[in-house]
Structure formats: C-alpha cells, structure tokens
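*Asks:* Here's the letter readout for the chains.
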Amino acid sequence: MHDILQEIDRWRGEGRRVALATVIRTAGSTPRPLGSRMAISDDGQMAGSVSGGCIEGAVFEEAREVLENGVPKRLDYGISDEQAWSVGLSCGGTLEVLIERLEPEGAAAPPASDPEST
Amino acid sequence: MTSVGATFDDLRRLVRAEVRATVVTWVGPASDPAASDAPSPLGRRLIVTSAGERLGSLGSTEIDRRAIAASAEATESGIVTLATGEGEIELFVELLQPPPKLIVVGAVHVAVHLVHFAKRLGFRCLVLDARAVFATAERFPHADELIVAWPSKTLEQLPIHDETYCVFLTHDPKLDDPAIAVALRREARYVGALGSKRTHAKRIESLRELGVADDLIQRIHAPIGLDLGGRKPEEIALAIAAELVAVRYGRAE
Chain A
1 MHDILQEIDR WRGEGRRVAL ATVIRTAGST PRPLGSRMAI SDDGQMAGSV SGGCIEGAVF
61 EEAREVLENG VPKRLDYGIS DEQAWSVGLS CGGTLEVLIE RLEPEGAAAP PASDPEST
Chain B
1001 MTSVGATFDD LRRLVRAEVR ATVVTWVGPA SDPAASDAPS PLGRRLIVTS AGERLGSLGS
1061 TEIDRRAIAA SAEATESGIV TLATGEGEIE LFVELLQPPP KLIVVGAVHV AVHLVHFAKR
1121 LGFRCLVLDA RAVFATAERF PHADELIVAW PSKTLEQLPI HDETYCVFLT HDPKLDDPAI
1181 AVALRREARY VGALGSKRTH AKRIESLREL GVADDLIQRI HAPIGLDLGG RKPEEIALAI
1241 AAELVAVRYG RAE
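Chains as they are written, first to last, in this note's numbering: chain A, 1 to 118; chain B, 1001 to 1253.
Not everything, but these chain B residues come out facing chain A in the computed CB check (under 7 angstroms):
| hint | residue |
| --- | --- |
| 1 | Thr1007 |
| 2 | Phe1008 |
| 3 | Ile1079 |
| 4 | Phe1092 |
| 5 | Glu1094 |
Derived by calculation from the structure, the hints in this document are not laboratory data. All C-beta atoms, glycine included, are put in the ideal place defined by N, C-alpha and C.
From just these sequences and the hints, can you work out the full model?
*Replies:* Written as structure tokens, this is what we have:
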C-alpha cells in the first residue's frame, strides 16, 4: 500500500478517478502476497502490481470498466480459467482480485457504527 | 440505519500514520442479502485500529460485531466467512502493519547505499551518528530521519520493536559497542555489525565487559550481510539489505 500511495495521491490531486485492485485470495504458488495492490487512473496510468505481470493487463481492462460505471468487481484468475478470462498465471496458482473505484478525495468520512445506537 | 463503509481517505490516513489496524472489506456476495436494492457492498470497509478507533461499517452493527470478533482471532490476512440469516458473507480481513524500521548507526559510505536499498524494500530508515561531518542532509536526503547524537544514548530512547533492524557501521568501537549492547538488550529484530573476524572478536570481549550475556552476543550478525563476495560499498550495502530481507522472512536468524 505504502508503495502506491504517492501515485494515488498525485492522481487524485489532479482530479483523476482512480480504481484500486487488491489481491484478496491466493491458492498455490502466486507471486504476490494477499493485500498486494495495484492502482489504475482514468487516464491509463498504473502503479503497483497484483501478480508477476501475468494478469495486470486483464485487471487494467476490467478496472477501466469499474472506473467508468463505479460498480466494484471481484475476479478470479487461474491457470485453468483461460477460457473465462483469456489470461492465466504462468506459476500455476490462482488468485482473486477485488477492483473498486475510489471515492473522490476528501469525501466525507461516514460515522462509525455505534453498537449502542441500534 | 444507513451506514457506509470507511473511505479510502480513512485507510490512507492510517497507512500514512503507520498505525496497526485491521481492515475488514466485504468481498462477497456482490449484493447485500439484507438490502438487495442497495449499491453493491463489494469494497465496503470496517477499520479497527490497535488503539480501538473504529471507522465505517459493513452495513449493520450485528455484522460489524461479528466481523470484529472473527478478525480478532486472525493472525494473518485472509478471507473470513460469516453465516447470517440471509446467507453467507465473505470478508477480507487484512492486518495493516507499520513498515519495518532500519536504524543505521554510522553515517558512512556504505550507509548511503544501504539506505537507498532499504527504502526501496519498504523500510523506514533512520541514520544515527555522533559525527556531524558524516551525518549530513546532503549525504542522506533519502533517509526518513537523520540524528546527530551519541548512538547508545539515542538508542535507549528510540522506539525499538520486533520489526526494528539495527545495523552498526561506524568502525569505531567507542561508538558502536555501547550502542550494540543497547540494541541487543532491547531485543531489536536484527543486530548486524560491520568488521573483520578480528574486530568482531574484540567486540565480543568489550560487550562482555559491558555485561552483555553471551546468548545475546550470539545474535549479532557478523560478518554482516549475506556472502555475495563483493567489496565495494554498494555491494556490501546490497549484502546487508539482502540479509535484512532474509531475516524478515525467517530465512536467517
């Protein structure tokens, strides 16, 4: 996260929309640990990574759609999923990624839920 | 009750502040079984800091409560499944850790390169030397902190935790040895000291005189760094950086 914050801050400072992809599940041999992140700006810039380079292109394409319509997506990539996603991991592992669009900078923080109030 | 997840700005602030926290993110299903017409709950976040501060909500106080209970048991990041009356919810529990810290004692040439490598590897880097002529901002523009002070005294006061790595490079036993004693006693994750076998033998004697126990002395990485064969300052720095990574992931003790 640390490694891509600077870029994300810069893009958002320029008024760009930014999507964030996070590795949420891995199985077998995968090159990047859980919680690895890649950020994508709406003018096509990229920072960070979610794999060793095998699926970044596909995630980038999916992220463009998320940037467009704001609907988050959960995607599953694996070597056996070539039919479904036309990309696979050369290392033989599988991984799942959540892609979300970040709210504009400075969006009001919601109130924390209060267990006593309901 | 209309509650929303914590914002990215919340997360960003905590990462910047290097706070320990648990981030719980809704990752499935894509529609909220309790409110199917609401916007997709994917990415909805609840954050709990180690200080107990709570940000955002996963949608209901009941889910929040159970998510917090489930994530309190988590020792590493991963997906947790909660069964609810409306169906199962998958949550990605992520443990947010502050970055590892590198304290370099001795603002020497090797240190300039070491800080370069360590920064790229995600370490927060602090450079410490009593000699103002070495420890200058011109030489260390890339360090997170630069302290000109007596190393052993400063090490007594700095926060040292289980992700603090201490490297001693001054070549001066007067500066190095008392500071090494402090790092060992305070249980830094890594203590490495530059110097030949002969230097290290003398160092062991002086540490014993300082009252440091042998089992602590044995924790010192000396000769410092993985054996890569290089002798140039940047090569030694790389060998040290490589050893830090190996220790961090349990491949060298």
